[in-house]
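**Q** Now for the letters of each chain:
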Amino acid sequence: MRKGFSVRHQPGFTAIAIACFALLYLPVVTLVVYAFNSAPSVAAWGGFSLHWFEVALTNSDVIDASVRSFQIATVAATLATVFATMAALATTRTRRYRGQTFIYAFINQPLMVPEIVTAVALLIIVAQLKAVTGYSGLGYLIAAHTAFCIPFAYLPIRARLENMDLSLERAAADLYAKPLYTFRRVTLPLLWPGILGAFMLAFVLSLDDVVITEFVKSGGQDTLPTYMLGQIRRGITPEMNAISTAFLLLSVVIVTLFFVVSRKRT
Amino acid sequence: MIRANRMTLLLAALIASTGIAHAEGELNIYNWGNYTSPEMVKKFEQAFDVKVTVTDYDSSDTALAKARQGGSGYDVVVVNQVYVPIWVKEGLLMELDPGQMENFKNVAPEWVNADFDPGRKYTVPWAVGTTGVVVNGDAYKGDADSWSIVFNPPEELKGKVNVVPELNDVMAAAIQYVGGEQCTADKAVLKKVRDVLVNAKADWIAMEYNTIEKMAAGDFKATLAWNGAGFRARMKNPAISFHYPREGYGVWSDNAAVLKDAKNVDNAKLFINFVMDPENAAMNSAFHGYANGIAGSEKFMPDTMKNAPEIVIPAERREGGQLQRLCSPEAQDLYKRIWTDLRK
Amino acid sequence: MTSANDLTTKLEAVDARRRWLLASPALLTIFLAAIGPLFIVLAYSFLTPGDYGDVKWQFSPDAWIGVFFERDIFDDTLSLATAHVDIFWRSVKLALITTVATLFFGFPTAYFMATRNERSRDLWQFLITIPFWTNLLIRTLAILQIIRNEGILNTALIKLGMIQEPIQILFTDTAILIGMVYVYLPLMVLPIYASLERLDFRLVEAGYDLYATRWRVLRKIILPLAKPGIIAGSILVFIPAIGAFVSPSVLGGGKNMMFSNLIELQFGQGRNWPLGSALSITVMIIVMAALLVYARNNSAKDERHA
Chain A
73 MRKGFSVRHQ PGFTAIAIAC FALLYLPVVT LVVYAFNSAP SVAAWGGFSL
123 HWFEVALTNS DVIDASVRSF QIATVAATLA TVFATMAALA TTRTRRYRGQ
173 TFIYAFINQP LMVPEIVTAV ALLIIVAQLK AVTGYSGLGY LIAAHTAFCI
223 PFAYLPIRAR LENMDLSLER AAADLYAKPL YTFRRVTLPL LWPGILGAFM
273 LAFVLSLDDV VITEFVKSGG QDTLPTYMLG QIRRGITPEM NAISTAFLLL
323 SVVIVTLFFV VSRKRT
Chain B
-9 MIRANRMTLL LAALIASTGI AHAEGELNIY NWGNYTSPEM VKKFEQAFDV
41 KVTVTDYDSS DTALAKARQG GSGYDVVVVN QVYVPIWVKE GLLMELDPGQ
91 MENFKNVAPE WVNADFDPGR KYTVPWAVGT TGVVVNGDAY KGDADSWSIV
141 FNPPEELKGK VNVVPELNDV MAAAIQYVGG EQCTADKAVL KKVRDVLVNA
191 KADWIAMEYN TIEKMAAGDF KATLAWNGAG FRARMKNPAI SFHYPREGYG
241 VWSDNAAVLK DAKNVDNAKL FINFVMDPEN AAMNSAFHGY ANGIAGSEKF
291 MPDTMKNAPE IVIPAERREG GQLQRLCSPE AQDLYKRIWT DLRK
Chain C
79 MTSANDLTTK LEAVDARRRW LLASPALLTI FLAAIGPLFI VLAYSFLTPG
129 DYGDVKWQFS PDAWIGVFFE RDIFDDTLSL ATAHVDIFWR SVKLALITTV
179 ATLFFGFPTA YFMATRNERS RDLWQFLITI PFWTNLLIRT LAILQIIRNE
229 GILNTALIKL GMIQEPIQIL FTDTAILIGM VYVYLPLMVL PIYASLERLD
279 FRLVEAGYDL YATRWRVLRK IILPLAKPGI IAGSILVFIP AIGAFVSPSV
329 LGGGKNMMFS NLIELQFGQG RNWPLGSALS ITVMIIVMAA LLVYARNNSA
379 KDERHA
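Chains as they are written, first to last, in our numbering: chain A, 73 to 338; chain B, -9 to 334; chain C, 79 to 384.
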């Protein structure tokens, strides 16, 4: 071998990769920096200030929207993770049975359809339901979010299930453990990091959703993203930057949690 | 296991909170974006111990569509005068009889009776304004008192003009530009209008509602916009000025009303009465930059507004103001088709 | 012997039923809130538009005709709906360019991540997941603030003396493209990284031992092995890109419409729900067709190699 020749090196790849990472973070860092701008426009720098954070924190619309986002995300992510776990258990580690591919395709359908189409479909159906039942609470949003979170929760749980060692469960069966007991004491603990990871992914996706929520929401049901979309369309102030910074901080926390949980190799 | 139990409890609490209702009085307002003074809202909240939520809408069409669906959850809604007859006809507004309210006597005489709400049964004035041309004087120094800025931009402004995507305002302006009659359904005239619009679009850079900030930041150098927006933009950037086109310009009012399916009717009525008070109306005007149709509010308005060219129409242009009105269904249908052609 | 077979089939049937039951909440939710509504959209596309939005329940093929043709307002002639074709073309074009661009930038990035040592690999994964899990609206807003006339990019270029006047980037197709590439890049990197992580570099080494150049090794060994990741990434980028809503809304200025904006218009100022429904179904058909072509192409290739 030639001296110093690295099998892994490809010319230019490292440079492009570093550039990509830098460019990925540059806009976001700029956004955060300008959140501390005392000038009211995002164009000129007027000096360091926490003013916009104060504005955002005392803005009751922002608080309302954030709380609502969290409520919807928690419920939707929980439901999605539970349903997805059940579905994953149903479709893995088995010989082919009737309808298995169908279930798989069905569950992944939300991934295959552009969001705008689902949003429009839900707009229509929710309009009808509102007229018929008179209910216009958060239920529609929660159902919609659960639906599109399920495939995202399903895939990682299924992957983890397929990589799991069956021998532990077989051992439990050999020891005359009932299936439900085996599930609770052996399968579930092994699966738990995968389930937590899936929950976090679903939670983040629900928090982030813009299009479907925008079309399905009723009066006064803004989530944080739809509130921001409205503000962006009408007039951007550094308050948006402050809100974005807070949101970003939250994402970093969740991603860190996610990595801590996943790194627990069982 | 104990950890799991605690987590379950936390989860249950979060889920339960989804259903908890607010204990104090509530009011939900549905209005144009950036159009409700937070200061005025706070004053109302404190005076009557009511929690107010303001939801913004982008365009009159969105508002109408949302309300028609029913179950919108809003109590008070602010509607452009052209749309008021539609809302009334669709049975969306509650018959208020604001004439009985305490503060109704403050409504300016010219707005007491309205074509669009005869006898003022459903609405009260929220804001009164005009539609015109806003120009950044640094980018263009010539005569800007004409719709040609928008429909046939001069060289310096080509590719820098924005047009607010509000159907009625743009159509009215285009008709005025070609010299047609208001609400005309004359196909020859409308063909000219369509051609003017479609050709002008090539010189536009955007069709957005966000004129104040984008004019101030220099993303747009000129725009078709409303006088209040022009005023606020000038406050941010003194080079900006508002102009009344000599071909004619639109005059309109936005009006507050109560939705028929409102849940907080008493609070809604309190609010309607509240906005007719001169001091409160002035507070609102100070925020959104428009006049308000409430007599006696002038003395409470900020000095910057009292003699602003955006609020006080120059004498030579007074004649050109055209009060907006709802056109015949035939005309409306033609306008809608031209508009869709334009926006595609 | 037959009774044993009967027993196994019976057990299998019971097992299958139990599995269906387990999967049912997921299936039901998705049917009610994702697939089922699509049928209603299809139904709506055959109705008449109401006066102020919504629909009148009478049959009309106008919506579907309106997808492909337009009737001139003044002389009633029917012609090809060029505006729709323009928007369709812009959406497909931008989605394709986005996919290629994210591939061009994403592949080296994923490769770089996969060739780090074990410990730092976690760090790089962490660094790429953060933008991925950051709200798309926030990321688009960040791009807006950079490319606008008084934004960082223009201000920097003017200060460096490279340009006199700010370059108009915002409100153009380029702005939308920049926004989409920025937002979808992590979606391309992660699947490719997953593929490349499993790459056995001894195969690469073998290539070099046989005196192949770096370029040949890349083309003939690395790329084919990374193919599943590349395909997954391309699909994960192309589908959201063609239906993108936020990027054209915020960065396009209302003039450069993509599919989703056109559809939104029908439910707003266009007051034509049936047309909006028909357009939505059209988008779906296009996406399904693209997926089918891809799937068929893939299995054909696999057969050839086998």
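Quick caveat, the hints were computed from the structure, so don't treat them as lab data.
Hints should not be assumed to be uniformly reliable.
As the list claims (entries may be wrong) - Straight-line distance between alpha carbons at most 25 Å, and here's what the computed DMTMM-like set of lysine to aspartate or glutamate pairs gives: (1) K250(A) with D164(C); (2) K148(B) with D153(C); (3) K250(B) with D129(C); (4) K333(C) with E243(C); (5) K32(B) with D246(A); (6) K334(B) with D153(C); (7) K237(C) with D128(B); (8) K334(B) with E243(C).
To be verified - What follows is a list of derived Cβ distance ranges for each label pair: (9) T252(C) with G286(B): 50 to 58 Å; (10) V101(A) with T252(C): 39 to 47 Å; (11) M184(A) with Q36(B): 33 to 41 Å; (12) G84(A) with A161(C): 36 to 44 Å; (13) M240(C) with N235(A): 35 to 43 Å; (14) P28(B) with T252(C): 52 to 60 Å; (15) A129(B) with T252(C): 54 to 62 Å; (16) G209(A) with A161(C): 51 to 59 Å; (17) G60(B) with N235(A): 34 to 42 Å; (18) G60(B) with L122(A): 52 to 60 Å; (19) K237(C) with G119(A): 31 to 39 Å; (20) G81(B) with R374(C): 30 to 38 Å.
Computed from a prediction, not measured in an experiment: that's the story for all the values here.
Note that CB positions come from ideal geometry on N, CA and C, so glycine has one too.
**Q** All hints are to be evaluated individually against the structure, with a verdict given for each.
**A** Tested hints:
no. : hint                             : in the structure
1   : K250(A) with D164(C)             : violated, 63 Å
2   : K148(B) with D153(C)             : violated, 31 Å
3   : K250(B) with D129(C)             : holds, 20 Å
4   : K333(C) with E243(C)             : holds, 23 Å
5   : K32(B) with D246(A)              : violated, 70 Å
6   : K334(B) with D153(C)             : holds, 19 Å
7   : K237(C) with D128(B)             : holds, 20 Å
8   : K334(B) with E243(C)             : violated, 30 Å
9   : T252(C) with G286(B): 50 to 58 Å : holds, 53 Å
10  : V101(A) with T252(C): 39 to 47 Å : violated, 22 Å
11  : M184(A) with Q36(B): 33 to 41 Å  : violated, 52 Å
12  : G84(A) with A161(C): 36 to 44 Å  : holds, 42 Å
13  : M240(C) with N235(A): 35 to 43 Å : violated, 53 Å
14  : P28(B) with T252(C): 52 to 60 Å  : violated, 37 Å
15  : A129(B) with T252(C): 54 to 62 Å : violated, 22 Å
16  : G209(A) with A161(C): 51 to 59 Å : violated, 39 Å
17  : G60(B) with N235(A): 34 to 42 Å  : violated, 50 Å
18  : G60(B) with L122(A): 52 to 60 Å  : violated, 43 Å
19  : K237(C) with G119(A): 31 to 39 Å : violated, 19 Å
20  : G81(B) with R374(C): 30 to 38 Å  : violated, 54 Å
The earlier numbered hints that this structure contradicts are 1, 2, 5, 8, 10, 11, 13, 14, 15, 16, 17, 18, 19 and 20.
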